[in-house]
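There are 2 protein chains.
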Amino acid sequence: MNQDYIKPDEWSIIEEEFDAGRVKSSESLFSIGNGAMGQRANFEEQYSGPSFQGSYIGGVYYPDKTKVGWWKNGYPEYFAKVLNAPNWIGINVFVNEEPLDLFNCKSVKNFRRELNMKEGTLSRSFEAELPNGIVVEVKALRFVSIVEDELGAIKFEVTPLNQDAEIRFDPYLDGSITNTDANWEERFWETLEVQEDSERGYIVSKTLKTGFHVGTFMQSEILLNNEKVTTEATSSIGEDRISFAYKVKTAKQETAAIIKYAGYVSDMNHKKEQLIQAAGKVLDSATSKGFESLKKEQKEAWASIWEMADITISGDVKAQQGIRFNIFQLNQTYLGEDDRLNIGPKGFTGEKYGGSTYWDTEAYCIPFYMATKDQKVARKLLTYRYNHLQKAKENAEKLGFSNGAALYPMVTMNGEESHNEWEITFEEIHRNGSMIFAIYNYVRYTGDFSYIPEKGLEVMIAVARFWYQRSNFSKDKNKYVILGVTGPNEYENNVNNNWYTNYLAKWCIDYCLETINKVKDGHQEDYARVMGLTDLNDGELAKWREVAEKMYFPYSEEHGVYLQQDGFLDKEIIPVKDLEKKHRPINQKWSWDRILRSCYIKQADVLQGFYFFEDHFSKDQLEKHFDYYEPLTVHESSLSPCVHSIQAAVLGRMEQAYEFYVRTSRLDLDDYNKEVEEGCHITSMAGTWMSIVEGFGGMRVENDQLSFKPQIPENWNAYSFKVNFRDRIVKVSVSSKGTEFFLEGSESLDIQVNNKELTLVPNEQITA
Amino acid sequence: MNQDYIKPDEWSIIEEEFDAGRVKSSESLFSIGNGAMGQRANFEEQYSGPSFQGSYIGGVYYPDKTKVGWWKNGYPEYFAKVLNAPNWIGINVFVNEEPLDLFNCKSVKNFRRELNMKEGTLSRSFEAELPNGIVVEVKALRFVSIVEDELGAIKFEVTPLNQDAEIRFDPYLDGSITNTDANWEERFWETLEVQEDSERGYIVSKTLKTGFHVGTFMQSEILLNNEKVTTEATSSIGEDRISFAYKVKTAKQETAAIIKYAGYVSDMNHKKEQLIQAAGKVLDSATSKGFESLKKEQKEAWASIWEMADITISGDVKAQQGIRFNIFQLNQTYLGEDDRLNIGPKGFTGEKYGGSTYWDTEAYCIPFYMATKDQKVARKLLTYRYNHLQKAKENAEKLGFSNGAALYPMVTMNGEESHNEWEITFEEIHRNGSMIFAIYNYVRYTGDFSYIPEKGLEVMIAVARFWYQRSNFSKDKNKYVILGVTGPNEYENNVNNNWYTNYLAKWCIDYCLETINKVKDGHQEDYARVMGLTDLNDGELAKWREVAEKMYFPYSEEHGVYLQQDGFLDKEIIPVKDLEKKHRPINQKWSWDRILRSCYIKQADVLQGFYFFEDHFSKDQLEKHFDYYEPLTVHESSLSPCVHSIQAAVLGRMEQAYEFYVRTSRLDLDDYNKEVEEGCHITSMAGTWMSIVEGFGGMRVENDQLSFKPQIPENWNAYSFKVNFRDRIVKVSVSSKGTEFFLEGSESLDIQVNNKELTLVPNEQITA
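In order, the protein sequence lines correspond to chains E and H.
Anchor point for the first sequence: position 112 equals 112 in the numbering used here, and the numbering is continuous, going up by one each time.
Anchor point for the second sequence: position 224 equals 224 in the numbering used here, and the numbering is continuous, going up by one each time.
Heads up, a few of these hints could be off.
[Said to hold, decoys possible] Which bits of chain E does chain H cover? Going by a derived footprint, with three or more residues having C-beta under 8 Å, they are: (1) 109-119; (2) 371-384; (3) 410-422; (4) 469-481; (5) 504-512.
Derived from the structure by calculation, the hints contain no laboratory data.
We put the beta carbon where it would ideally sit given N, CA and C, even for glycine.
Build out the structure end to end from the sequences listed, making use of the hints.
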């Protein structure tokens with residue numbers, strides 16, 4: 001646990017101690033990114049202690065060979081890996097030719113690292129005594145620009161404190177990097193070119209197999225006491241590496257500094273053969289603007305993100321820090337600029353889960369992006385899946401489905417399945433439903449039905465076909481059943497009639513049938529096109545309808561709840577609270593078979609259905625299911641607490657809701673699961689946002705209206721958030737005294753607050 | 001399919017054509033072994049075509065790193081691999097310095113390969129025209145001695161037919177071998193020493209990690225027209241290789257020959273540092289006996305095996321060839337000499353399944369060895385597991401069991417689990433029951449109860465403890481249930497209440513309770529020792545009894561059958577005969593999830609229980625279950641047809657019984673599953689033997705008596721088999737006219753034939 005290690009602060013993540021044992025964790029927490037690229041907070045200078053090096057480029061991946069014991073038919077050929085890309089941050093530093101290496105210093109004092117979330121910068125300062133006895137003060141600041149998204153900039157200052165010294169800066173690019181997460185210990189990059197051009201350095205690299213071309217580049221400036229100086233650089237070019245050496249004679253207490261502009265250009269945005277040229281243009285722009293003005297731009301750009309996305313909390317600085325960290329990381333990971341990109345579970349902070357797209361995007365992230373950005377952004381996320389429809393059909397075909405049925409992949413980079421555990425890849429099919437739920441949710445929130453006739457309907461039909469084919473009729477039950485699935489609770493594998501999956505399947509078919517009629521009525525041209533494309537006829541529709549009408553849902557009369565799956569009641573039911581501590585977390589302490597046959601739930605499963613379809617059930621039903629399932633839930637997925645927090649809030653259990661909120665919002669900062677060194681849990685951060693907005697704020701969209709049922713945790717004075725609803729910006733400020741609404745713009749807006757109509761007048765503070 | 005490729009012959013496996021595309025299949029089929037070592041039928045001389053090189057030493061294995069996508073708690077660290085060991089058969093042949101290589105000859109005529117099962121030799125002959133135009137006739141014969149089990153011998157003859165020629169023989173040993181089945185493409189052997197000692201060659205090698213030391217050795221003799229000649233050999237020693245070159249000037253039509261004595265000695269039987277010395281002794285003995293007399297010994301030793309184990313079939317040469325091939329391979333694989341060895345599913349014919357021990361031994365192989373060998377052999381097989389008891393306890397502990405509960409591994413070399421698919425390793429726990437069934441079966445057959453107090457009871461208690469702990473009480477069913485298992489039908493994973501597993505679990509507990517009382521009464525000393533060792537008390541016994549009494553068995557009132565598992569009736573039930581051919585075999589044509597949710601059964605599951613516990617059920621019940629399950633069975637395991645053959649015979653359905661028999665007996669010869677190139681299905685060969693003895697012959701042991709209900713397939717004239725029952729040898733000869741019994745020895749024996757008592761008088765042909 002990191003508790004008390006990260007200093008509480010409203011706008012910054014701060015550590016004030018150098019602890020080599022925590023370097024890897026801090027590298028995750030202090031990560032920076034701009035949606036297009038990002039990196040772990042590795043040190044610029046040489047560091048010989050344990051470190052997890054990572055610098056990533058959105059969309060650049062490698063299809064690592066699948067690794068299994070016994071091959072099963074249908075396995076994907078590869079597991080997509082996000083790639084550690086060439087190192088552009090490196091600046092080796094020598095003081096009188098003694099290398100600066102924090103792992104080897106005689107002492108390190110006043111170490112401080114700060115991730116300034118308000119301005120989007122990472123800074124570090126310390127005083128170190130080198131093995132040669134020279135004490136230096138170091139200050140380093142860097143950022144990846146969200147204005148020029150191929151550019152990063154670093155300012156690295158060294159001040160000898162106890163004697164004059166010659167400071168040597170060796171900025172470098174290094175293409176000989178490897179991945180931490182690699183199945184076969186192969187190298188993933190090939191260096192094509194290393195070039196020097198009047199103190200600019202370039203490396204052009206190519207990923208093996210996928211053939212992505214990436215240009216990494218740099219140019220540096222040297223300063224003495226903050227004044228630019230001209231120093232002769234000597235360069236050194238290796239097979240995969242280029243570096244320059246700049247020497248600065250520095251009197252005691254004088255400050256030598258280097259500014260390094262660097263970054264990536266790739267063939268996703270440029271022609272392969274023009275990468276060096278493109279990199280040169282980025283450097284031209286960077287050097288002409290200069291470091292300070294780039295930094296100013298960065299601050300302004302982040303201010304404008306915060307203007308819309310910020311949530312304020314007063315009276316609970318850790319909660320404030322937590323939510324801002326979540327919002328910051330989400331924006332570092334995905335800004336909605338590029339519909340080829342998506343939100344990897346670790347963003348740019350690590351390699352686990354391959355960095356690929358999961359159902360997390362549809363189930364957890366879309367609400368955040370819908371409410372805090374232009375609605376085009378959410379539409380881009382939907383379009384990402386639309387663009388993958390053909391591959392989803394091929395994936396289904398590989399598993400024996402036909403007639404244009406689609407199964408979206410569990411994990412993907414380019415639409416192809418790239419996850420290789422059979423119980424997940426082949427069986428965790430509920431993901432297919434969240435693709436449709438996201439469309440429904442988007443239309444409900446934005447009111448933009450046009451997406452459906454234009455794109456969504458094709459996806460809906462392909463998914464409905466899948467559910468129809470994936471069900472079979474049980475003579476025994478006289479119902480349709482769905483056998484052999486894994487639900488959201490991955491602590492069950494290959495179960496029959498997972499309630500959530502069956503419910504979602506039925507809903508997908510029903511919603512598709514309803515939508516087909518709507519499109520038929522209102523969008524004849526699109527209707528004709530889609531019917532032509534899909535060859536759908538009334539006979540097939542009738543068969544779908546039959547399946548939806550006769551879908552089986554396991555239910556316990558005794559407990560009055562839907563059962564997570566068939567046979568759930570055969571388990572030995574012991575609430576989590578009665579489980580001895582030594583057994584937790586069960587995913588570390590128990591063998592897999594023991595986990596599977598236990599009653600313990602990894603993350604919301606039946607309750608995930610109650611979250612998606614809250615309006616299908618009464619509050620009593622919710623309460624009954626919550627009281628049955630939550631006590632059996634170990635919350636060993638980062639996606640678990642947020643759903644429970646929202647539902648606890650609905651049930652008026654604010655203490656419990658708050659507990660879950662804290663757990664979700666500070667999961668990484670406090671390192672609950674002792675794994676933050678692998679990277680941060682990016683997708684669940686959107687769930688944290690939902691915990692406040694949908695949980696405490698009680699925000700819903702009902703009948704094309706925003707509605708709120710605001711509550712506030714006891715120890716908070718106030719909190720506020722802003723949402724963009726159909727291009728109307730509403731700021732909601734909640735305190736124990738009541739809730740105030742502020743509507744931007746020029747038109748009034750009717751909303752519901754605690755089931756009462758309220759009209760918001762533009763630019764007026766309205767109290768509910 | 002190989003049909004018509006292997007020539008029908010009563011005593012030999014013969015191929016009469018050189019077909020490079022079939023070389024790998026034939027390498028499997030023509031394998032030779034002696035229980036201690038064995039090898040695929042690779043050519044002695046250079047062969048540049050596709051080949052699967054394999055030479056194996058019983059008990060010498062390598063713990064290859066486990067290969068999985070996502071690590072799950074409890075996975076074994078390694079997957080044991082049988083190791084391709086240094087090549088001792090190699091003799092490169094040059095004719096006027098042109099290498100003999102069947103893949104590169106201008107023509108190959110009169111190719112013939114014969115595995116003489118009666119004598120235990122492999123021979124090969126052909127005429128080949130070499131690229132240099134010289135036509136040679138080649139005859140090669142080799143065997144691995146079952147008398148001197150560290151020794152193999154080869155005679156390789158070359159006759160130039162169309163001109164005089166110089167024949168060069170280069171016999172060699174090669175330690176630089178690799179495995180076909182290897183997870184990480186690493187080398188598994190390290191060469192420690194290569195030594196030459198007056199025309200003897202030695203290589204001492206060590207396996208990495210496991211550190212087995214193996215000495216490979218050779219010595220050769222040269223003959224011209226079958227007369228020994230002295231030729232100067234030149235030797236060549238490499239890092240992992242030693243070879244000698246012998247040149248023989250040969251006139252047209254004269255025959256040059258080499259005899260090579262070679263083989264392995266290992267530190268399983270000798271001191272590490274004395275391997276070369278031990279090898280020298282083997283060579284001393286071999287050369288003093290000479291090739292012809294070694295060959296004679298081999299023939300005599302096989303004759304004595306056949307004397308006891310042979311089954312004759314008259315009127316169906318393919319059936320005769322099939323059963324002898326099965327009996328021959330079983331004896332090549334395991335002769336019962338060494339209780340550290342066991343019967344790998346591929347024997348010495350391939351590497352698949354790692355060459356390790358599976359439950360096949362207990363469920364399928366023990367009856368064969370009990371009936372065709374001294375009863376010590378079966379006792380050795382039981383002792384193998386007794387010796388692994390501690391490791392089975394550790395394995396169970398790793399999975400969360402306690403108090404001395406044991407879970408025998410799914411796959412093992414040394415008692416440790418070495419299989420790494422969770423659905424098998426963790427869940428296919430019925431294997432634990434077959435350990436106990438084998439003890440029961442051994443005592444039933446041999447009458448040797450002494451094994452139980454001495455060794456068996458400890459195993460029985462540890463296994464009963466496992467079943468007790470692995471069950472849990474279902475409030476819903478008011479019964480004990482066993483959740484999350486994989487039954488013998490591996491086309492179901494992680495199911496609840498697999499009937500076979502539950503039944504076996506209950507039986508293991510009942511049998512253990514009953515046996516404890518017997519030991520208490522009759523073997524007080526052992527009783528006290530075992531109770532002391534296991535710390536077993538009445539309280540624990542009462543809890544076991546409760547579980548056994550209240551065990552749940554899924555049952556369908558509608559169909560009147562036990563259900564394979566909970567929820568089986570939810571499946572879409574379509575008999576295999578109605579499945580289009582394009583879907584077969586489903587394990588190649590369908591994705592894993594589709595297989596799992598289908599109703600198709602890989603091998604006997606419920607029916608395996610009816611096989612083990614035939615006497616617990618009526619014939620009507622058997623018929624009902626057979627008629628329900630067999631039509632859903634795809635028999636995609638080699639272990640499937642035999643059980644069904646026996647049961648069809650019990651039901652008087654001889655046509656079907658015969659069909660299954662042919663399928664099991666010629667599975668490899670006819671290459672039904674197009675996979676024989678990977679090796680032969682050794683363990684299922686014992687099932688073939690059972691099909692005749694227990695199926696057609698209807699042999700059982702009831703109340704300490706042998707009983708028979710002989711039947712005969714319509715197209716057979718007669719068949720006969722012999723069994724050793726409690727040191728009494730009974731030969732049974734069945735024809736359409738009736739059955740004759742012949743008892744060896746000096747005491748009479750009462751048996752049952754078709755439910756009637758019959759007294760066999762020694763050395764008299766008695767007709768029933």
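Hint check results:
| no. | hint | verdict |
| --- | --- | --- |
| 1 | 109-119 | violated (count 0) |
| 2 | 371-384 | violated (count 0) |
| 3 | 410-422 | holds (count 4) |
| 4 | 469-481 | holds (count 7) |
| 5 | 504-512 | violated (count 0) |
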